[in-house]
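Knowing the structure of chain A, use the given hints to seat chain E on it.
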Amino acid sequence: DGGITQSPKYLFRKEGQNVTLSCEQNLNHDAMYWYRQDPGQGLRLIYYSQIVNDFQKGDIAEGYSVSREKKESFPLTVTSAQKNPTAFYLCASSRTGSSYNSPLHFGNGTRLTVT
Amino acid sequence: AQSVSQHNHHVILSEAASLELGCNYSYGGTVNLFWYVQYPGQHLQLLLKYFSGDPLVKGIKGFEAEFIKSKFSFNLRKPSVQWSDTAEYFCAVIIVFSGGYNKLIFGAGTRLAVHP
Numbered sequence: 003d004g005g006i007t008q009s010p011k012y013l014f015r016k017e018g019q020n021v022t023l024s025c026e027q028n029l030n031h032d033a034m035y036w037y038r039q040d041p042g043q044g045l046r047l048i049y050y051s052q053i054v055n056d057f058q059k060g061d062i063a064e065g066y067s068v069s070r071e072k073k074e075s076f077p078l079t080v081t082s083a084q085k086n087p088t089a090f091y092l093c094a095s096s097r098t099g100s101s102y103n104s105p106l107h108f109g110n111g112t113r114l115t116v117t
Numbered sequence: 037a038q039s040v041s042q043h044n045h046h047v048i049l050s051e052a053a054s055l056e057l058g059c060n061y062s063y064g065g066t067v068n069l070f071w072y073v074q075y076p077g078q079h080l081q082l083l084l085k086y087f088s089g090d091p092l093v094k095g096i097k098g099f100e101a102e103f104i105k106s107k108f109s110f111n112l113r114k115p116s117v118q119w120s121d122t123a124e125y126f127c128a129v130i131i132v133f134s135g136g137y138n139k140l141i142f143g144a145g146t147r148l149a150v151h152p
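Protein sequences appear in the order of chains A and E.
The numbering used here puts the first sequence at residues 3 to 117.
The numbering used here puts the second sequence at residues 37 to 152.
Hints were generated in silico from the structure; no laboratory data involved.
Be a bit skeptical, because a hint or two may be false.
Incomplete in silico selection of chain E near chain A, CB under 7 Å [unchecked claim]:
(1) 82
(2) 85
(3) 96
(4) 142
(5) 145
Below, in silico cross-link-like pairs of lysine-lysine (DSBU-like), each with a Cα-Cα straight-line distance of 35 Å or less [stated by the list, open to error]:
(6) 94(E) with 11(A)
(7) 73(A) with 107(E)
(8) 16(A) with 59(A)
(9) 85(E) with 72(A)
(10) 107(E) with 139(E)
Covered by chain E, per the in silico footprint, the following chain A stretches (three or more residues, Cβ under 8 Å) [what the hints assert, rightly or not]:
(11) 44 to 52
(12) 109 to 116
We treat Cβ as the ideally placed atom computed from N, Cα and C, and that holds for glycine.
Extracted from the complex, chain E is given alone in its bound form:
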């Protein structure tokens, strides 16, 4: 069955530290990839997305993610985190089946806490 794995459930960093959150998926066909973020008390928001083209995509607030097809990965990165990046981050994958049907699968999420 298709699945999405986020390796770290909790990450604690100091401000200005670099961030990398891992995301791997299990499906050999066409996929489209997303990172969503949920700030405390707020609803889920789209952070960035990859459909095709340059595998390094840039999103809002200085985040970027790299799609490595051979590794089935879509890791999220930020060179220097801020306290305001404290949130829960979800990797999501759309599995594109033939016939126009697609299925969106979420990872379990990673809680990031950034200390001043």
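Pulled out of the complex, with its shape left as it was, chain A reads as follows:
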């Protein structure tokens, strides 16, 4: 079955520590995205990547970093600079990033709790 795998499902970290969230897709999609979902705020775009070795900041990139060394992988690092990191993080992919008719496919998400 093709899809997007996010791991782990739940992640707990102490304040001040960096943490990396995994996202892998086997859909052969060019574009990948990271969103943050907070109650009452919908999904906000953190970073996105239209092709391998390229990525752009989204609306709330401060305190986050990404890499796109392989087409199927787009890990997100939540750094200690992120002031409010506790949230539900969703990874998504689409067939292309430049075509507007490519709906997103979503992973199941990772709930990060920082104490």
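Coordinates of chain E only, in the frame set by chain A:
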């Protein structure tokens, strides 16, 4: 700045009632429109989409949405809801900029609870 507004954060209905969830966006150029649904414990799924053509689009499970360009709206409707429609619904808009760059913006979501 571009934005997507969903007017109702929580909606409670009885089975067989009709549903309409509002979605408005703020951008005067080319857009493409989506509704996504997230059932309890599941990941986001595409419900329906509009790119061009007939402004009334039909999606899965009896849902439909109408694009009214003059009102910048893309409201979701279902004539008769079922308990299994209990979920959170997200409106999303792709802003199409010149040069091939596009940006996907989500609304805040509407939680629908359907009582038997």
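Hint-by-hint comparison with the structure:
{"no.": "1", "hint": "82", "result": "holds (5 Å)"}
{"no.": "2", "hint": "85", "result": "holds (6 Å)"}
{"no.": "3", "hint": "96", "result": "violated (12 Å)"}
{"no.": "4", "hint": "142", "result": "holds (4 Å)"}
{"no.": "5", "hint": "145", "result": "holds (5 Å)"}
{"no.": "6", "hint": "94(E) with 11(A)", "result": "holds (33 Å)"}
{"no.": "7", "hint": "73(A) with 107(E)", "result": "violated (39 Å)"}
{"no.": "8", "hint": "16(A) with 59(A)", "result": "holds (25 Å)"}
{"no.": "9", "hint": "85(E) with 72(A)", "result": "holds (29 Å)"}
{"no.": "10", "hint": "107(E) with 139(E)", "result": "holds (21 Å)"}
{"no.": "11", "hint": "44 to 52", "result": "holds (count 4)"}
{"no.": "12", "hint": "109 to 116", "result": "holds (count 3)"}
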